[in-house]
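Enquirer: This is what each chain is made of:
There are 2 protein chains.
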Amino acid sequence: MFARTSLGLSNLRATTPSSAAPEPNPKQLQSNHSASDPHSEPQLRKLKGSAQLNRWSRARAVRSGRKLDRQNHRAATAVVEERQSGEGTWRNSPVAAVGGSEEKEEEDEAAVLAKSIYMVSDGTGWTVEHSVTAALGQFDHCLVDRGCPVNTHLFSGIDDSERLLKIIKQAAKEGSMLVYTLADPSMAEAAKQACRIWGVPSTDVLGPITEAVASHLGVLPSGVPRGAPGRSSHLTEEYFQRIEAIEFTIKQDDGALPQNLHKADIILVGVSRTGKTPLSTYLAHKGYKVANVPIVMGVGVPKTLFEVDPEKVFGLTINPVVLQTIRRARAKSLGFSEEVRSNYSEMDHVREELEFARKIFANNPSWPVIEVTGKAIEETAAVVLRLYHDRKNKCSMPRISKRY
Amino acid sequence: MFARTSLGLSNLRATTPSSAAPEPNPKQLQSNHSASDPHSEPQLRKLKGSAQLNRWSRARAVRSGRKLDRQNHRAATAVVEERQSGEGTWRNSPVAAVGGSEEKEEEDEAAVLAKSIYMVSDGTGWTVEHSVTAALGQFDHCLVDRGCPVNTHLFSGIDDSERLLKIIKQAAKEGSMLVYTLADPSMAEAAKQACRIWGVPSTDVLGPITEAVASHLGVLPSGVPRGAPGRSSHLTEEYFQRIEAIEFTIKQDDGALPQNLHKADIILVGVSRTGKTPLSTYLAHKGYKVANVPIVMGVGVPKTLFEVDPEKVFGLTINPVVLQTIRRARAKSLGFSEEVRSNYSEMDHVREELEFARKIFANNPSWPVIEVTGKAIEETAAVVLRLYHDRKNKCSMPRISKRY
Numbered sequence: 001m002f003a004r005t006s007l008g009l010s011n012l013r014a015t016t017p018s019s020a021a022p023e024p025n026p027k028q029l030q031s032n033h034s035a036s037d038p039h040s041e042p043q044l045r046k047l048k049g050s051a052q053l054n055r056w057s058r059a060r061a062v063r064s065g066r067k068l069d070r071q072n073h074r075a076a077t078a079v080v081e082e083r084q085s086g087e088g089t090w091r092n093s094p095v096a097a098v099g100g101s102e103e104k105e106e107e108d109e110a111a112v113l114a115k116s117i118y119m120v121s122d123g124t125g126w127t128v129e130h131s132v133t134a135a136l137g138q139f140d141h142c143l144v145d146r147g148c149p150v151n152t153h154l155f156s157g158i159d160d161s162e163r164l165l166k167i168i169k170q171a172a173k174e175g176s177m178l179v180y181t182l183a184d185p186s187m188a189e190a191a192k193q194a195c196r197i198w199g200v201p202s203t204d205v206l207g208p209i210t211e212a213v214a215s216h217l218g219v220l221p222s223g224v225p226r227g228a229p230g231r232s233s234h235l236t237e238e239y240f241q242r243i244e245a246i247e248f249t250i251k252q253d254d255g256a257l258p259q260n261l262h263k264a265d266i267i268l269v270g271v272s273r274t275g276k277t278p279l280s281t282y283l284a285h286k287g288y289k290v291a292n293v294p295i296v297m298g299v300g301v302p303k304t305l306f307e308v309d310p311e312k313v314f315g316l317t318i319n320p321v322v323l324q325t326i327r328r329a330r331a332k333s334l335g336f337s338e339e340v341r342s343n344y345s346e347m348d349h350v351r352e353e354l355e356f357a358r359k360i361f362a363n364n365p366s367w368p369v370i371e372v373t374g375k376a377i378e379e380t381a382a383v384v385l386r387l388y389h390d391r392k393n394k395c396s397m398p399r400i401s402k403r404y
Numbered sequence: 001m002f003a004r005t006s007l008g009l010s011n012l013r014a015t016t017p018s019s020a021a022p023e024p025n026p027k028q029l030q031s032n033h034s035a036s037d038p039h040s041e042p043q044l045r046k047l048k049g050s051a052q053l054n055r056w057s058r059a060r061a062v063r064s065g066r067k068l069d070r071q072n073h074r075a076a077t078a079v080v081e082e083r084q085s086g087e088g089t090w091r092n093s094p095v096a097a098v099g100g101s102e103e104k105e106e107e108d109e110a111a112v113l114a115k116s117i118y119m120v121s122d123g124t125g126w127t128v129e130h131s132v133t134a135a136l137g138q139f140d141h142c143l144v145d146r147g148c149p150v151n152t153h154l155f156s157g158i159d160d161s162e163r164l165l166k167i168i169k170q171a172a173k174e175g176s177m178l179v180y181t182l183a184d185p186s187m188a189e190a191a192k193q194a195c196r197i198w199g200v201p202s203t204d205v206l207g208p209i210t211e212a213v214a215s216h217l218g219v220l221p222s223g224v225p226r227g228a229p230g231r232s233s234h235l236t237e238e239y240f241q242r243i244e245a246i247e248f249t250i251k252q253d254d255g256a257l258p259q260n261l262h263k264a265d266i267i268l269v270g271v272s273r274t275g276k277t278p279l280s281t282y283l284a285h286k287g288y289k290v291a292n293v294p295i296v297m298g299v300g301v302p303k304t305l306f307e308v309d310p311e312k313v314f315g316l317t318i319n320p321v322v323l324q325t326i327r328r329a330r331a332k333s334l335g336f337s338e339e340v341r342s343n344y345s346e347m348d349h350v351r352e353e354l355e356f357a358r359k360i361f362a363n364n365p366s367w368p369v370i371e372v373t374g375k376a377i378e379e380t381a382a383v384v385l386r387l388y389h390d391r392k393n394k395c396s397m398p399r400i401s402k403r404y
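For the protein sequence lines, the chains are Y and A, in the order given.
FYI, the numbering for the first sequence is 1 to 404, going by this note's numbering.
FYI, the numbering for the second sequence is 1 to 404, going by this note's numbering.
Simulated from the structure, these hints should not be mistaken for lab results.
A few of these clues could be false.
Any copy will do: because identical chains look the same in the list, a pair fits if it lies in one copy or spans two.
Claimed, not checked - Result set (EDC-like, lysine to aspartate or glutamate): computed pairs, CA atoms no more than 16 Å apart in a straight line: (1) Lys332 - Glu237; (2) Lys332 - Glu244; (3) Lys286 - Asp265; (4) Lys394 - Glu311.
Fair warning: this is a prediction, and the values are worked out from it, not measured in the lab.
So that you can see chain Y by itself, here it is in the shape it has in the complex:
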């Protein structure tokens, strides 16, 4: 299969990006290349003093209204020209919004500062998106204040080399980096070579894991993208289980049908706005039937909750100040009347309701109580499932095990 690679790349040099595109900075190229080399850790440290400061100074320059060097502007213009010629276009991009006025020019320069990440997949693209989002989590400290803004572009279902090379060409023009998952080894090799030739820093997300798994199992990978004809159908037992879990979870939302609580795998209990509903549907997509039961002061909880296996019940709690903030936002968006709003989101009421919940939890000491303050849905889900599997399997080291 690797033999096809050289064929697919035979005319690569002939289609090198036009001279309208910015010349790649050789220094940048070098450090980019080394980034995909696992033996280049020390390289990374050099960045702090040079490129990072450079970028911060640029960001300051843009905020203060100073002009930047013209090279960036030329790069943007080149892309816009190409847009007008009708190839490789996008209308939503900040660069493409460039006009003629001074103000727009400034916007343009701010936009040029946003670095692009191209994500390419021959399948759904969710793996590459997930990985890039997780990696970007390591740069929160500079993304938040827009000191190093990033635009990501996901291209999914890219299963022929023509479209692949067109995207990489565009990435080269935009000075973007490429992160890809391509099951077909000849496509992966084509991406790697094209990126090398066109100076696009690139990372293969699944290649190393797939190779390691192949070696571990002693079996060659199929090289066929998920969803391609010939891949096994999705009508497995797991598929039906997942659909059933999702439908169950929706029907059980917000305390509905308390008589069905015994059918749930996981039951979430907490006051309003502790994130029970989104957490439930997230867990349902992982195949768990989830019921969620609200705690409302004065109303209490259905008595069936105390009749089910307590091992599957999880309490959710939250910091009262944060809860009040969330409830105020909620009350506003729902257009609650003043009276309802104060009952729902005033601090005294919030504290009393959390205290009411705390007492219920205290009376049921076998329910773990999870603090959700500051946690994303995925994070709370990880805690719930770790505890759930731990209680079920009595492992010394909590783990979620699956069989394939």
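Using the hints provided, position chain A relative to the given structure of chain Y.
Expert: Frame of chain Y, contents of chain A only:
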């Protein structure tokens, strides 16, 4: 930060796995090590003739009831002994189910054939789980017939080196491989070194992407795991938008509140069992407000559907034979009466209803119609979002763009 690494590993050799654990096969070790080396592609091909055939012949031996060599048995026994000593235990594992009888011994041998993949993360672990699942998709051809069964074990929230090393030690004993995401460079380095010393083949999922992004942005990664104290709170605009999307989507499920259709970002239309509900909640978790409208023969669809922006409406269709299979399973699980069942899942009715849907789609040619047969939820979602963003942004190359 890398300086801490050597400290954390100073007593590593002293805690080398006990002699009760199976001796690693040097040949296997070699190929495992090369798997994490990006320059070792040709190595992979050699596998087909040796290890793979070996495994298949073992699998056949197990199915035919023949005994295998005793080394595998010893390995299993070692793990079970350890279970009894109370360390590194798990009850749900097939190996731990070993008893004394002949039959169980055979089961044991089949269980030993199942290769383990340990997944370790200092965060939720969803990235590493997602990546391993995607990589395992490349081995469907052997997982399905259980020719090379795999057990995965996810360890999330591993944020101290003591627990990390305990897990890697256990992986070494079990002959497992390790796939990890560790934000703290000293933890990642500790994992790498421990795996090298103990002969555990390992792959760092996010390391290469994070390094490449760092180089691209000119900013050092924070090295702080997601969810750790000090990381930014989740109460961003995006968080509220996502929660709102999920709640909207649940309220709109199955044609409820047709007067709200204009508030949806995406509207899914299709006959029963085309997967509208799971697809809706999946898209909602990605931040889109989704309404789904069922097509039922003789009932039709709400007229508000024809008053909304047709650019956001998507038709779902499915192969009639597959639809009948799914509906039969559904009717059975819901305990439908004979009469209802035949109306719902008999072929004539299925065909007529799909034809009824086809006519509605034909009258609304601007709605894309997506064939969901054989597609997983994620795959249909990828198609919907590709079209949705394409129509919205009018790109020449369909993409989903985001700003960070």
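Enquirer: If a hint holds in the structure, say so; if it does not, say that too.
Expert: Hints and how they fare:
Taking CA atoms no more than 16 Å apart as the test, Lys332 paired with Glu237 passes between copies only; the shortest distance there is 15 Å, against 44 Å inside one copy. For a Cα distance limit of 16 Å, the shortest separation of Lys332 from Glu244 across copies, 13 Å, qualifies, whereas the shortest one inside one copy, 35 Å, does not. For a Cα distance limit of 16 Å, the shortest separation of Lys286 from Asp265 inside one copy, 12 Å, qualifies, whereas the shortest one across copies, 24 Å, does not. Taking the shortest alpha-carbon separations for Lys394 and Glu311, only the intra-copy value of 12 Å comes in at or below 16 Å, while the best inter-copy value is 51 Å.
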